[in-house]
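Asker: Next come the chains, spelled out residue by residue.
Number of protein chains: 2
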Amino acid sequence: MKTIPQTKRTALKRLPKRGVFEQEPVYRILDEGFICHVGFIADGQPFVIPTGYARVDDSIYVHGSQASRMLRNLEKGIDVCLTVTLIDGLVLARSAFHHSMNYRSVVVFGQATLVTEREAKRAALRALSEHMIPGRWDDARQPTEAELKMTSVLRLPLAEASAKVRVGPPLDDDEDYSLNVWAGVVPLKLVAGEPIADPRLQVDVPVPRYAKEYERGK
Amino acid sequence: MKTIPQTKRTALKRLPKRGVFEQEPVYRILDEGFICHVGFIADGQPFVIPTGYARVDDSIYVHGSQASRMLRNLEKGIDVCLTVTLIDGLVLARSAFHHSMNYRSVVVFGQATLVTEREAKRAALRALSEHMIPGRWDDARQPTEAELKMTSVLRLPLAEASAKVRVGPPLDDDEDYSLNVWAGVVPLKLVAGEPIADPRLQVDVPVPRYAKEYERGK
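Taken in sequence, the protein lines are chains A and B.
Using the numbering used here, count along the first sequence one by one with no gaps and you end on 264.
Using the numbering used here, count along the second sequence one by one with no gaps and you end on 264.
Quick caveat, the hints were computed from the structure, so don't treat them as lab data.
Values in this document were obtained by computation on a predicted structure and should not be read as measured data.
Check the hints yourself; a few may be wrong.
Heads up, the list lumps identical chains together, so a pair's fine if it works in one copy or across two of them.
In silico SDA-like links for lysine to any residue, alpha-carbon gap of 20 Å or less [to be verified]:
no., residue 1, residue 2
1, K195, P215
2, K167, H144
3, K167, S141
4, K264, Q157
5, K235, V251
6, K63, A113
7, K167, S146
8, K195, R262
9, K258, D134
10, K167, V249
11, K54, A88
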């Protein structure tokens with residue numbers, strides 16, 4: 047299995063058994079999530095901004111308005127830490143101390159670059175849309191030249207990335223297993239509800255299947 | 047309604063109508079979420095780490111092992127950006143360009159301080175547990191003195207915080223409303239499944255109600 051080389055930044059100081067450095071499981075987490083938290087430094091201050099993303103091959107793409115503070119900072123090529131977190135459950139141990147969560151998270155370090163070439167930009171926007179909701183792009187009215195210009199797209203290489211994963215039941219101290227306390231996991235999942243039609247919908251179009259059957263991590 | 051003063055860091059440069067500076071809705075978002083992304087600078091690099099949290103009055107508490115890189119950095123009193131993001135839905139517009147998400151996010155800036163006093167620390171740990179799953183703390187085996195010592199608790203004041211919120215249907219360009227494209231919102235929610243008992247459960251305890259009926263944002 048292809049691995050991603052560990053660096054000082056991605057190496058885990060604690061609980062190293064939770065670390066994942068193989069490319070395939072790292073990419074699988076990135077493909078199930080669709081919101082990342084982007085950390086960067088501006089005027090000496092840390093900022094953490096949530097935004098959508100897509101993975102294509104060994105790159106992460108983010109996009110936004112040209113006027114966005116985050117994108118205007120990132121396109122300077124500054125250091126970025128991009129984190130994706132999936133919460134899978136609450137882990138209820140017998141002891142308060144050993145309570146935990148089941149989760150899968152990925153941290154990516156690097157510098158982003160602006161995607162300027164027209165067709166590469168359009169392809170990245172398509173990937174961002176398809177990553178959020180597969181099947182939608184071809185149904186939607188395509189971006190005009192003006193809209194393309196108003197949108198910034200940034201590419202972050204997946205050269206320095208790692209995952210941290212916790213799965214399974216609680217781990218209690220040996221002497222606590224006989225306690226009269228329920229222990230286990232409350233599973234959590236991001237679930238889609240019934241699509242809500244825009245009240246201004248003028249046409250008689252059925253709800254598309256990709257909206258009705260929306261599900262992450264299929 | 048009590049407002050939180052805007053600062054250069056919390057003021058929105060774009061879409062200012064999405065900004066929320068009243069204390070009550072900001073606190074409501076913090077109370078519905080339970081995972082934050084903490085951004086800080088170490089060795090000149092930005093780091094973004096997911097972790098649990100709780101709000102008590104005008105403070106946010108986070109905790110972790112004394113050995114954690116994040117906590118060892120934060121307890122130095124460095125600048126922190128703590129972000130909480132709730133995803134409420136995918137917003138499908140007629141045009142690719144106007145696709146969006148419904149979300150509620152809070153950003154907090156400040157410096158954290160270590161909670162050292164024994165009873166304050168215990169109270170914060172109780173709050174962290176009750177914030178994650180109300181009702182659990184009193185059922186669990188309480189922390190020992192050694193466990194308390196191994197845990198660091200940090201307090202971040204909610205003095206500089208703001209929310210950003212998008213709700214409602216897509217907003218398309220006027221000329222796009224007649225297009226033959228379905229538009230609307232796919233609602234998303236973090237939902238709890240059936241609790242999974244620890245296979246090592248030795249006692250015959252029923253699943254507690256707080257685990258069986260777990261729900262955020264009640």
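Asker: Return the numbers of the hints above that this structure violates; sort them in rising order.
Answerer: Violated hints (numbers, rising): 1, 4, 5, 8, 10; every other hint is consistent with the structure.
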